[in-house]
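> Below, each chain spelled out in residue letters.
Number of protein chains: 2
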Amino acid sequence: MRNVTVYITLKSGVLDPQGKAIQESLNSLGYDEVQSARVGKTISLQIEDGPNLEKRITEMCEKLLANPVIEDYRFDVEEAVQS
Amino acid sequence: MRNVTVYITLKSGVLDPQGKAIQESLNSLGYDEVQSARVGKTISLQIEDGPNLEKRITEMCEKLLANPVIEDYRFDVEEAVQS
Chain S
2 MRNVTVYITL KSGVLDPQGK AIQESLNSLG YDEVQSARVG KTISLQIEDG
52 PNLEKRITEM CEKLLANPVI EDYRFDVEEA VQS
Chain R
2 MRNVTVYITL KSGVLDPQGK AIQESLNSLG YDEVQSARVG KTISLQIEDG
52 PNLEKRITEM CEKLLANPVI EDYRFDVEEA VQS
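In order, the protein sequences belong to chains S and R.
Mind the numbering: the first sequence is residues 2 to 84 in the working numbering, read in order.
Mind the numbering: the second sequence is residues 2 to 84 in the working numbering, read in order.
To be clear, the hints were calculated from the coordinates, so they are not data collected in a lab.
It cannot be assumed that every hint is accurate.
One copy or two, either will do: identical chains are not told apart, so a pair holds if it fits within one copy or between any two.
Under the rule of at most 20 angstroms between Cα atoms (straight-line distance), these lysine to aspartate or glutamate pairs were calculated in the EDC-like manner [unchecked claim]: (1) K56 / D73; (2) K56 / D17; (3) K12 / E55; (4) K12 / D33; (5) K42 / D73; (6) K21 / E60; (7) K12 / D73; (8) K42 / D77.
All figures in this text were calculated on a predicted structure; none of them were measured in a lab.
Using the sequences and the hints, build the whole thing.
Put into structure tokens, the structure is as follows:
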């Protein structure tokens with residue numbers, strides 16, 4: 002079993018109104034040192050080991066998890082710890 | 002300037018219907034090896050250096066960025082690269 006974490010972020014030119022709202026909220030709470038905020042997401046998957054694991058994860062990202070037009074993604078694969 | 006990334010995840014006992022939908026969608030696309038999926042978010046902040054930086058970031062997480070009742074958070078602080 003593998004633990005896979007996919008990190009998805011908006012590409013740098015894409016407007017992020019949610020991040021802008023967070024930045025303005027932090028500023029109005031007195032955290033004036035915050036210059037910008039951008040929001041992304043993570044998807045943690047538990048995947049059974051198999052052939053072509055990384056290729057299949059890339060396919061999942063392209064087909065379903067990320068929107069390659071406006072988002073970048075990267076992923077980490079770790080051996081799952083047996084409890 | 003510092004680049005701060007806050008990682009927010011649902012606590013382990015909290016239901017994640019969005020993650021469940023992603024898992025079922027991946028299974029129905031033929032990725033039967035996916036056993037579970039859980040969704041989290043990241044918030045990337047650019048923050049001016051100052052005193053008590055880590056304490057202030059912890060306050061931001063507790064007050065605004067995360068919901069400590071149902072979410073866990075952690076953050077990384079990096080020196081921003083000057084371009």
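> Can you tell me if K42 and D73 fall within 20 angstroms by alpha carbon in one copy, between copies, both or neither?
Classified as both: same-chain Cα gap 11 angstroms, cross-chain 14 angstroms, threshold 20 angstroms.
> From the Cα coordinates, with 20 angstroms as the cut-off, is the pair K42 and D77 best called within, between, both, or neither?
both (14 angstroms within a copy, 16 angstroms between copies)
> How would you label the pair K56, D73 (within, between, both, or neither) given a Cα cut-off of 20 angstroms?
within (16 angstroms within a copy, 31 angstroms between copies)
> At most 20 angstroms between CA atoms: does that hold for K12 and E55 within a copy, between copies, both, or neither?
Intra 22 angstroms, inter 27 angstroms, cutoff 20 angstroms: neither.
> Have a look at K56 and D17 and pick one of within, between, both or neither, based on CA distance no larger than 20 angstroms.
Neither way: K56 and D17 sit 30 angstroms apart in one copy and 26 angstroms across, limit 20 angstroms.
> Using 20 angstroms as the alpha carbon limit, work out where K12 and D73 are close: within a copy, between copies, both or neither.
Classified as within: same-chain Cα gap 6 angstroms, cross-chain 26 angstroms, threshold 20 angstroms.
> Treating 20 angstroms as the Cα threshold, decide for K21 and E60: within, between, both or neither.
between (31 angstroms within a copy, 19 angstroms between copies)
> Given a CA cutoff of 20 angstroms, do K12 and D33 count as a within-copy pair, a between-copy pair, both, or neither?
neither (25 angstroms within a copy, 30 angstroms between copies)
When held up to the earlier numbered hints, the structure conflicts with 2, 3 and 4 and fits the remainder.
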